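Enquirer: Each chain, written out:
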Amino acid sequence: MFSKKNKQQTRRLSSGGLINRSKPIGFKFDGKPLMGYDGDTLASALLANNIKLVGRSFKYHRPRGIYTAGTEEPNALMALRTNARIEPNTRATNIELFDGLEAKSQNRWPNLFFDFMQINNLAGPLFTAGFYYKTFMGIPGWHFYEHFIRKAAGMGSTNLARDPDTYDKKNAFCDILIIGGGPTGLSAALTAGRSGARVLLIDSSKLLGGQLIWELDQIDGRPAFQWIESALEELKEMKNVTIAQRTTAFGYYDSNVVNAIESVSDHLPTPDPHSVRQRLWQIRAQKVIIATGATERPLVFSNNDRPGIMLASAARRYVNQFAVKPGNRVVIFANNDDGYKTAVNLAEKDIDVRAVVDSRTHVNQFWKTKLDKLGVELILGSAVINTHGHFGLTGIDIASLSSDQKSIGSQSSFMSADLLAISGGWSPNVHLYCHAGGRPQYEASIAAFIPGVRSQSEYPAGASNGAFSLIDCVTEGTNCGSQLATELGFSKTIFSIPKTDEPTVTPIKALWRIPGKGKKFVDIQDDVTESDIKLAHQEGYISVEHLKRYTTLGMGTDQGKTSNMNGHAIMAEERGEAIETVGTTMFRPPYIPIAMGPLAGRDIGQSYSAKRKSAIHNWHHENGAIFVDAGQWLRPQYYLRNGETNTTENMDVAITREVQGTRGNVGMVDVSTLGKIDIQGADSGEFLNRIYTNGWTKLAIGKARYGLMLREDGIVFDDGTTSRLSEHHYFMTTTTSNAASVLSHMEYCLQIHWPDLDVKISSVTEQWAAMAIAGPKSRDVLEKSIDEKNLSNEALPFMGVKQISIDGIPALIFRISFSGELAYEVNVPADYGEYVWRRIMKKGKTDNIIPYGTEAMAIMRIEKGHVAGGELDGRTTPDDLGLNKLISSKKEFIGRRLLNREGFIDPNRPKLVGLIPIDGKSRIRTGSILVKDPNASLPMPKLGHVSSGAYLSPTLKHPISLGLIKGGTDRIGETVWATSPLHGETNEVKIVDPVFYDKQGERLNG
Amino acid sequence: MSKYSVLSLIKNAFNDNRNWERAWRDPEPKKNYDVIIIGAGGHGLASAFYLAKNHGIKNIAVLEKGYLGGGNTGRNTTIVRSNYMLDENALFYEKSLKLWEQLSHELNFNVMFSQRGVLNLANSDSQMDAITRRGNTMRLNGIDAELLDRRQVEKMIPYLDFSDTARFQIKGGLLQRRGGTARHDAVAWGFARGADQLGVDIIQNCEVTGFKTKGNNIEIVETSRGPIGCGKVGFAVAGSTGHLASKLGMKLPIESHVLQAFVSEPLKPIIDHVVTFGAGHFYISQSDKGGLVFGGDIDMYNSYAQKGNLPLIEDVVTAGLAMIPGLSRLRIVRHWGGIMDMSMDGSPIIGKSPIDNLYLNCGWCYGGFKATPGSGWVFAHTIANDAPHELNAGLNFDRFRVGRSVDENGGGPVPNRH
Amino acid sequence: MIRIKCPYCGLRDHSEFNYIGDATKLRPVNPEVANDDEWFDYIYVRDNPRGVHQEYWQHITGCRSYVKVLRNTVTHEVLKTGLPSDDLLFSYEAEK
Amino acid sequence: MADKTYILPPIKRLSALAGQIESGRFGNIKTEPGIFIKENHPLSIVQLETREPPAKDFLTVIKNLFEFDVPLSPNTSSVSDKTRIIWTGPNRWLIIEPETRDLISLVKSQINETSISIVDLSHARSSIEIDGSMTRDLLLKGAAIDFHPEAFLINHCVQTTFFNLSALICCLDENRFNIFIARGFALDLLQKVQEAAEEFGYETL
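Residue numbers (the numbering used here), protein chains in the order written: chain A, 35 to 1040; chain B, 37 to 454; chain C, 228 to 323; chain D, 726 to 930.
Since the hints were made in silico from the structure, they are not lab data. Quantities reported herein were computed from a predicted structural model and do not represent experimental measurements.
Residues from chain D that face chain C, not an exhaustive set, calculated with beta carbons under 10 Å:
| # | residue |
| --- | --- |
| 1 | 800 |
| 2 | 812 |
| 3 | 814 |
| 4 | 815 |
| 5 | 817 |
| 6 | 869 |
| 7 | 870 |
| 8 | 883 |
| 9 | 884 |
| 10 | 887 |
| 11 | 890 |
| 12 | 891 |
Pairs of lysine-lysine residues, derived as DSS-like cross-links and limited to a Cα-Cα distance of at most 30 Å, are as follows:
| # | chain 1 | residue 1 | chain 2 | residue 2 |
| --- | --- | --- | --- | --- |
| 13 | A | 185 | A | 62 |
| 14 | A | 204 | C | 307 |
| 15 | C | 323 | B | 283 |
Even glycine gets a Cβ: it sits at the ideal position worked out from N, Cα and C.
Could you build the full structure based on these sequences and the hints that come with them?
Expert: Right, here's the structure in full:
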């Protein structure tokens, strides 16, 4: 068993690394069972098993291998996990190996080694940048070609299955947020922490220490990891310091709010019970130290994309952290000292390093001596100009480079190699700095963009600030932590800066591309080559944004982390301008691709929107209510009886039953959802006068009145009844849907327009359960239910209000009617709502009381010609709705002065009418359009539309509708056509008065 | 200027692609132009193109402060549709859609107009009523529309949430099959190349800094590259309209707001239509490159920053997962913001201005991208004839004052309700 | 997230607030004498500045106060907050 | 003052959460639950609002009635054995106590002033109390408020967005908090608190 493991992991070094060799882990790649160790990433485990080919490129489907060891990975994207947990495009370099892990390569068919689409590679010159803009325009049209283009494009596949995992969100507050737990971040945390400031340190990996985890550097004469350990020990002792691991900051937003994703369970086969997969952090900090390090860049030369070519730092990391040997015969190609660091590191681990190819002509003695000692050939002033191999690197061609770097020597030499480690320099990770609003500046001495002016309270330090040496990192971190704590008023701390032992640096010499023929990949994920950039320039797409959009440079899952700098610099060379002039594209969040799950958190499924329930909800539920959403409220739409299933037919039966029961005897509806606003203060009447169109100063105590509110522009806003409970105390109701906006509108008026008015308002919607009891027997039923026993016309006239009691429960009773019947609205404190409802239902049993829902309520209001949602659509004026009688001419009110505008008094405005089908039976659909001649040519002139309707008025025994039509009630008696082309229905309708039933209002008196 | 075709691609492939010409020239500004269009986004370039093509005006410049197509043209979610309810919008957007249908040919530039269908979901009975009215109006205006019930929607797009756990059930939807998506940058580039071929000077990196007026006319447009004389001036600067108008002392019924957009990692084809949610602000489609492109509501506050904030992102994604639960494990790779010039009724302003030789093309809210060819077409007509075309007559600047707002969803004079 | 200091409740996320809009638009004090231009200006026209903007937010899930906010529309930086009666622009300029 | 002059209705109040809280221990319980959840019901809640900053008379009346001062600073509350007064807005307070007397009538009998509005909200709010070592962490999941013990002291209160709902959160004791929510959302809030508490392990009482 054990020997089998070793056999498989042929590239595993016999010792070293931060892996736990006593904890082997089985996993599968493309169905093949493999073994790795605890501590591995998927990428390191694949390399340990000598798996070089891991994917196919986006456009040319070229074989690709693992290219980096981190977040910037452009190649090793795979489908992780299976079925409902599948995660396409997952970077193997970021995945901690777990038991049973399954990964599949992507973008290949039928398999990784024989990919049909590599035919694209042969036709390369045809598939140049933006080729698709120049063709596919002819017959059979783009729709035809698109089908194939879409299939060929894309990367991973998903099945859109429902995610079995859950997600969480969390807020955090701190004085100083430190992003990145490398040498810079740890140093900053130490000094900031010692000052007493509340420090939050977040880091994306499992282990703190950043690059120091795997570099062979020394601090204060000890291996760096010892320094990390003691730093962590000290930090963990500090109560004011919090450390969050596996937590990646992905965006720096306004007001110093930084967002991060915590990978709670991504390193596990499945999340633990009661745990989540990921958590979204929203961090509010006073100061933010950005210590996010830097990313190494590749070099651009012919066939620089083969499996076996890797960033130099990645090669070191695989060797040191994972004890994996990424190659047996190694050549290193660099334009900076990283090449030497890598060569020495690998050679000291007994890896055969053949040569270092340096494009520069000088090397300092320190490295030269070391290379000599280790027997590594040093090739200065030269470049790798081509590579060989297909599924894996077999060798490279090296040639000399002219001093201007624009040409190569005519002679090239072949060198056998299976690993080419490359370094084109380092780019500080300025992403978060840029999210915060900063514009990076080009710094020629390190050939990279570095942070410039600060725009919020972000403080880049260390490598992310362009300070690449270890001593610079710890110095900047230490100082930054101390300085910011002091600025925030915390005590100064005494500290010393640790010592490091680093050779002096020979400056990088920028080398953006190596001359020569062949495909030189700049963006290795999206297959953008140097010639694509040249073509973009040639065709005039010369701004960096045009370059990006035309060639797709930097648009992959890695967002150009390894490619943008090279691409922009090549464009600058083509344009003959300085890199700072050409600039760089915007760094947009997220820093890493983030799953959508944590952004929604727990607000999925039924929790998408909160559910608001009335105090009588449970009764409705127990008594067959089918609920309908009214904003967040759940309201009974209609009630099914025992044995009735929820079909359209039964719905119609129920609605008819409820209307007839109410109009015939008595019905009760839950109206708790109506907005209720308590209004108190000496100027309450004046206030109502200003916000309602009709007059309020003469409303007597104990009386209610219907009121109409307009927006400032004269359009109808809301309606409802308001009652006067005492001299300076009113009780307002609003529609359910406008409850919140009416309250805000009133607060706006009081706080901003008329602060001089003595009026206090507050929402009491939730205080009261409200039920409307309607029908000829409503008085009888109520008299039986209440303590006072007398609701005669004298005791409570129409539009009267009374404070009564029901079994000792205080109640407000209003004699108002929406249905047109004798009706009352009873309001009781919500906790008594269900009790009172039950009591009335019980007392009304002998009178055949029936509960009714919103459908029956809507039909009854249409029968009465009352306007509601369908008519109050934000475009109608009072006149449109026949409500001009509510417009007072004797006072000012909101909306008044705009009512007389040309467009408002246009006689052609559609106005409210009633509509009845000529044949007395055809259903007229809401949303039908009213036309004079349904056979007129298109575009057809329209007279208006049907705004609401009942397929059958149970009272009138025929369909009725309300509509808005040009000419309005002047057309009563005319016939027009209601047409719904969507349904293929056209019916002749007669225009009638909008009040269909009991025009005189006699039924209000019972 | 060579024509683009598969033959030209093959020919150039043999020449190592060395012979491709510039897509547009990089001219120095002349002293004087008959018409200056400010803003080389899709609308400005289309206006110049149609001025030259349809109205025979030759001496035209398009001034651009940055690079062409760098504003909202290249920052939107690329949806094209004409599913409007009010005639003023519907007939105009339908003209635009008709132009889209032949645009690649007209420009000899593949704008990848993909008529994959736009489906608006309805998640309540009242929404069903509203889309019924809208769809019927569309049909009577000669625009294609189909009403789908829940079952038909499920058959067409099974991955939407049809389960009992959905908070708001899908009741049906309004489908416009002729609607779809296009490649946004290509529209700007195609119009730029087309206008350039007709002699229009597209002048990039040329910021307008002020105006010299005489009487009620603009005489000189001051720019970062010197003063330029003009016969007529057209604004086509979207979110920057208010800023530019203030240089003329003009104030507009417009606020600038940021609208965010999002793209996921590239995936093999999975979402074949444009779908919009009824119970929240969310719309999604899949680009030809494979990214899921989606968006939602504006960030609610006035903004000129081309970036948004997380609460809105959370809202958009939450609505997205309510509509398509299976998005949960997919990853967002980039999000950005565009500046919307939100008008006070949610409809555009395109027509004459209070200044005699200035024409306004602004207030596009979310409708700008799909309007691109139509906007250019009617704007060119308006500028050439000094009078609006009947298609944009109702979208005039004066409508707010006289009470003839074109308020598609009844939000009133509050930009963030549209 | 924009963090807004409610004059009463202190620094809070902007998601606790409802954005209302331009605070410089004043309702005609005497509605009956204001002419059409004044109404048009009040209801429809906005300065829409690129830069410093004086605006109202209502602390809707907090104390429900309307808060005047001076904010940069380019950077989203909140420069000052106060009560509806405060002239933030004036005090901001004065402090500069 | 003798409370018995005021009468409460004889009928038992029915909470929005009646029958909705299953008692027991749930979630990730190792040894002890990190969170304890219970409902406070029935409560008397009265809102007072004065037109101007409160006059001395008003402050005196309240002090006499409840034997402590009205909290004048935002985000604070004052408390006695049974009553808590919470600042909820400029010149606005909630008086909250377990329902043992007719609080609204009591207050009205003492304050007879049109410039002061008195509103009964006893039934408008539901209250969920959480206790336990992880309460501050739980609160951070739902609200963007700094609940650090040094930042959020005992008797501090906030009105804020809590799990997308409008809530009033009050610190009763080191780790004990009361969350007030509109009655109609009570069940929704309870479910959200339970979900968030799952990883800490919770006990419902």
